[in-house]
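These protein sequence lines are chains A and B, in that order. full-length UniProt numbering numbers the first residue of the first sequence as 1 and each following residue consecutively. full-length UniProt numbering numbers the first residue of the second sequence as 1 and each following residue consecutively.
These are computed hints drawn from the structure, not numbers from a lab. Keep in mind that a hint or two might mislead.
[Unchecked claim] Computed cross-link-like contacts, DSS-like style, restricted to lysine-lysine with a CA-CA straight-line distance of at most 27 Å: (1) A/16 <-> B/16; (2) B/205 <-> B/268; (3) A/205 <-> B/16.
[Unchecked claim] Away from chain B, derived, C-beta distances all over 10 Å, residues of chain A: (4) 233; (5) 260; (6) 280; (7) 305; (8) 313; (9) 316.
[As the list claims (entries may be wrong)] Here are some chain A residues pointing at chain B (derived, C-beta under 7 Å): (10) 113; (11) 114; (12) 130; (13) 252; (14) 262; (15) 266; (16) 277; (17) 281; (18) 292; (19) 299; (20) 302.
We put the CB at the ideal spot given by N, CA and C, even for glycine.
Protein chains: 2
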Amino acid sequence: MLSVASREWRLRSRPKGRPRESDVELVQTEVPPPGPGTVRIANHVMSVEPYMRGRMGGEATYAEPYPLDEPMLAPTVGRVTDSADPSVPVGSLVLHDYGWREHSVVPAADCQLLDHEDISPAIYLGLLGIPGMTAWVGLTRIARVEAGDVVFVSSAAGAVGSTVVQIAKRVGATVIGSAGSADKVALVRDLGADAAFDYHDGPVKNLLRGALAGVDATGLDVYFDNVGGEHLEAAIRVVRDHGRIALCGMSSIYNSAIPQPGPNNLLKLIWRRARMEGFLLGDHTDARAEFVDRMASWIRDGAVRPVHTEFTGGIEGAWAAFNGMLDGTSVGKAVVPLAETAAPTGGP
Amino acid sequence: MLSVASREWRLRSRPKGRPRESDVELVQTEVPPPGPGTVRIANHVMSVEPYMRGRMGGEATYAEPYPLDEPMLAPTVGRVTDSADPSVPVGSLVLHDYGWREHSVVPAADCQLLDHEDISPAIYLGLLGIPGMTAWVGLTRIARVEAGDVVFVSSAAGAVGSTVVQIAKRVGATVIGSAGSADKVALVRDLGADAAFDYHDGPVKNLLRGALAGVDATGLDVYFDNVGGEHLEAAIRVVRDHGRIALCGMSSIYNSAIPQPGPNNLLKLIWRRARMEGFLLGDHTDARAEFVDRMASWIRDGAVRPVHTEFTGGIEGAWAAFNGMLDGTSVGKAVVPLAETAAPTGGP
Numbered sequence: 001m002l003s004v005a006s007r008e009w010r011l012r013s014r015p016k017g018r019p020r021e022s023d024v025e026l027v028q029t030e031v032p033p034p035g036p037g038t039v040r041i042a043n044h045v046m047s048v049e050p051y052m053r054g055r056m057g058g059e060a061t062y063a064e065p066y067p068l069d070e071p072m073l074a075p076t077v078g079r080v081t082d083s084a085d086p087s088v089p090v091g092s093l094v095l096h097d098y099g100w101r102e103h104s105v106v107p108a109a110d111c112q113l114l115d116h117e118d119i120s121p122a123i124y125l126g127l128l129g130i131p132g133m134t135a136w137v138g139l140t141r142i143a144r145v146e147a148g149d150v151v152f153v154s155s156a157a158g159a160v161g162s163t164v165v166q167i168a169k170r171v172g173a174t175v176i177g178s179a180g181s182a183d184k185v186a187l188v189r190d191l192g193a194d195a196a197f198d199y200h201d202g203p204v205k206n207l208l209r210g211a212l213a214g215v216d217a218t219g220l221d222v223y224f225d226n227v228g229g230e231h232l233e234a235a236i237r238v239v240r241d242h243g244r245i246a247l248c249g250m251s252s253i254y255n256s257a258i259p260q261p262g263p264n265n266l267l268k269l270i271w272r273r274a275r276m277e278g279f280l281l282g283d284h285t286d287a288r289a290e291f292v293d294r295m296a297s298w299i300r301d302g303a304v305r306p307v308h309t310e311f312t313g314g315i316e317g318a319w320a321a322f323n324g325m326l327d328g329t330s331v332g333k334a335v336v337p338l339a340e341t342a343a344p345t346g347g348p
Numbered sequence: 001m002l003s004v005a006s007r008e009w010r011l012r013s014r015p016k017g018r019p020r021e022s023d024v025e026l027v028q029t030e031v032p033p034p035g036p037g038t039v040r041i042a043n044h045v046m047s048v049e050p051y052m053r054g055r056m057g058g059e060a061t062y063a064e065p066y067p068l069d070e071p072m073l074a075p076t077v078g079r080v081t082d083s084a085d086p087s088v089p090v091g092s093l094v095l096h097d098y099g100w101r102e103h104s105v106v107p108a109a110d111c112q113l114l115d116h117e118d119i120s121p122a123i124y125l126g127l128l129g130i131p132g133m134t135a136w137v138g139l140t141r142i143a144r145v146e147a148g149d150v151v152f153v154s155s156a157a158g159a160v161g162s163t164v165v166q167i168a169k170r171v172g173a174t175v176i177g178s179a180g181s182a183d184k185v186a187l188v189r190d191l192g193a194d195a196a197f198d199y200h201d202g203p204v205k206n207l208l209r210g211a212l213a214g215v216d217a218t219g220l221d222v223y224f225d226n227v228g229g230e231h232l233e234a235a236i237r238v239v240r241d242h243g244r245i246a247l248c249g250m251s252s253i254y255n256s257a258i259p260q261p262g263p264n265n266l267l268k269l270i271w272r273r274a275r276m277e278g279f280l281l282g283d284h285t286d287a288r289a290e291f292v293d294r295m296a297s298w299i300r301d302g303a304v305r306p307v308h309t310e311f312t313g314g315i316e317g318a319w320a321a322f323n324g325m326l327d328g329t330s331v332g333k334a335v336v337p338l339a340e341t342a343a344p345t346g347g348p
């Protein structure tokens, strides 16, 4: 077997504040044939996600920083073109984490075989992937949502938020979402939210109070936080007794070069006996089977529907796609198609 | 029966910031004989507690604000002098909430009979009272402390904190305490803490890191927060995976007229999958039997010992005592003896 020509994004320096073009480089390279136990994959679609900003920084967070001068990582779906491991034959459609490149060599053990050719690959990156399961775990395990709860979610048109809106409605909650444009607000309502607002339209605390009044609620039982900052303070302000705040992300501060002050009303967590809890998906792999089962059935029923933004430009456009997603230009799951998902010519 | 002369502290205006003498008034009054279902009590010792500051303010917190122009409330131990209810006979030693006065008329249903004449009344206000049970509930139910945990507690020489130190040591934790003077730090060490520091000696984050190094620990499993502010931010900074922060009080901001910014590092709660939870004793009355059982046995064994500050001046000194407690001039449970705990002349 021969090497194949490929392009990949390598991290050249650790961004301070907003990532810049000079922090990365698109490199032309040759991907060798797979060695024993590995497979070579032609990638079809890759994901860009907010957490990647954290891994580009050098600080020890929950995940290893991306090494400098190597290709970055991203959840990606592709087709196996060459296999040196019988468990993942040529022609398999697989999900793996070796994205930010056109062709990848991946250990067979790191490939998840995708059986359902009828399900769009992007769904494996979205509803059935990290964002979908993050919404599920945050709502059911951390916030312990129940029918009748009033649930507020920020970035409600985002990959996680748009799933939170739909799951919360499915379990019988009243749902309020915030988003960053009129179009996004319309989408959030369309997904089933009982109320939604554009956070640019005034102080979040006022907008949230208005939304609560609109659904005849006196406060929140659950806040699913994707942004931190002003949203978090506003949510604490109206949390009800025994409220639960699931801390999933804080996109309002990811690009801050200096620490931002936190909410000024934490005393309310005492008065309301409220709980605020951070979580990461890696602690909840045991929830996966139940999640996939439930979500696949919701998708089949049409009870939950995928929301995607496909950025154009293939691998060349991936960096702009990542920054566009961070800047809020996308709705739902932001993906970057790299090549056609053609049916395999050979294979099983 | 005749009325008895008594003095009582009434709230005249709602304090802004630090309470002032002009916010209250010591009033000479006549306490009538008890009506049906009530008893009249000569009070021996009353408690002054941080939460009273909140009830003096007009804001709706977790507890009703004290009404203006009426006597305030405080946990108090006294002897029944006149009874119009057979369940609480004359001569009974009782715990009730109608303090800030020398004589009280109290519904029999609001009196807790204190059976053990050998236990000092102040213990019923401290180790066996609200502060003791607050320490117990916060550690066992909210922070779910376990043997081997590294526990940090602020206001560690205070009524709650000094009990947290002792309970945490009893269950096998490593304990670090912070307090506001060299004498208090010495007391905290004497109560069994493995490390203690005076928070005036530098940035709390540095002092806490030093204390952790001193006990060979890399971070905290539990932070029992009595003060908020800089302490809370410092604790979040070094919280370990799955850490628990029990929010009990925020004395650093009780007297703030304007909201203070919160910790700037809440993102760490996500990275560390940490939980921060407020609590109030009223939700945990079902823990009372187990708590009293355990604490009474620890007190009898000498495994946990009472720490009290008795303010002088009787009822006249109660206002100064309250402010002294807020200002940190007391250690352990701050109490105000009102009259001798004489053996009853009549009674059972």
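Now the hints, each set against the structure:
At most 27 Å may separate the alpha-carbon atoms for a hinted pair to count; residue 16 of chain A and residue 16 of chain B exceed this at roughly 42 Å. Proximity of residue 205 of chain B to residue 268 of chain B is assessed by CA-CA distance (about 15 Å); at most 27 Å being required, the pair is judged to hold. With a CA separation close to 24 Å, the supplied pair residue 205 of chain A and residue 16 of chain B stays within the 27 Å bound. Distance to chain B contradicts residue 233 of chain A as a non-interface residue, since its nearest Cβ pair spans about 8 Å, not more than 10 Å.
With a minimum CB-CB distance of about 6 Å to chain B, residue 260 of chain A fails to clear the 10 Å threshold, and the non-interface call is violated. Consistency note on residue 280 of chain A: stated as away from chain B, yet its beta-carbon is not over 10 Å from all of that chain's, at 6 Å minimum. Residue-level check passed: residue 305 of chain A sits 28 Å from the nearest beta carbon of chain B, beyond 10 Å. No Cβ of chain B comes within 10 Å of the Cβ of residue 313 of chain A; the nearest lies about 31 Å off, and the non-interface call holds.
Interface exclusion of residue 316 of chain A from chain B stands, the closest Cβ pair being 32 Å apart, more than 10 Å. Checking residue 113 of chain A against chain B: minimum C-beta separation of about 29 Å lies over 7 Å; hint violated. Restraint check, residue 114 of chain A versus chain B: the minimum CB separation of about 29 Å is more than 7 Å; hint violated. Taking 7 Å as the C-beta cut-off, the interface hint given for residue 130 of chain A is violated, the closest approach to chain B being about 14 Å.
At a threshold of 7 Å, the smallest CB-CB gap from residue 252 of chain A to chain B is about 10 Å, leaving the interface hint violated. Contact between residue 262 of chain A and chain B, as hinted, is supported at the beta carbon level, the nearest pair being about 3 Å apart and thus within 7 Å. Satisfaction of the interface hint for residue 266 of chain A is found here, the shortest Cβ-Cβ separation to chain B being roughly 5 Å, below the 7 Å cut-off. A distance limit of 7 Å between C-beta atoms decides the matter here; for residue 277 of chain A the minimum to chain B is near 4 Å, and the interface restraint holds.
For residue 281 of chain A, the shortest C-beta to C-beta distance to chain B is roughly 10 Å, which exceeds 7 Å, and the interface hint is violated. At about 22 Å, the closest approach between the beta carbon of residue 292 of chain A and any beta carbon in chain B exceeds 7 Å, and the interface hint on this residue is violated. A least Cβ separation of about 28 Å between residue 299 of chain A and chain B goes past the 7 Å threshold, and the interface hint is therefore violated. Nearest Cβ of chain B to the Cβ of residue 302 of chain A: about 33 Å, over the 7 Å cut. The hint is violated.
Consistency with the previously given hints fails for numbers 1, 4, 5, 6, 10, 11, 12, 13, 17, 18, 19 and 20, ordered from lowest to highest.
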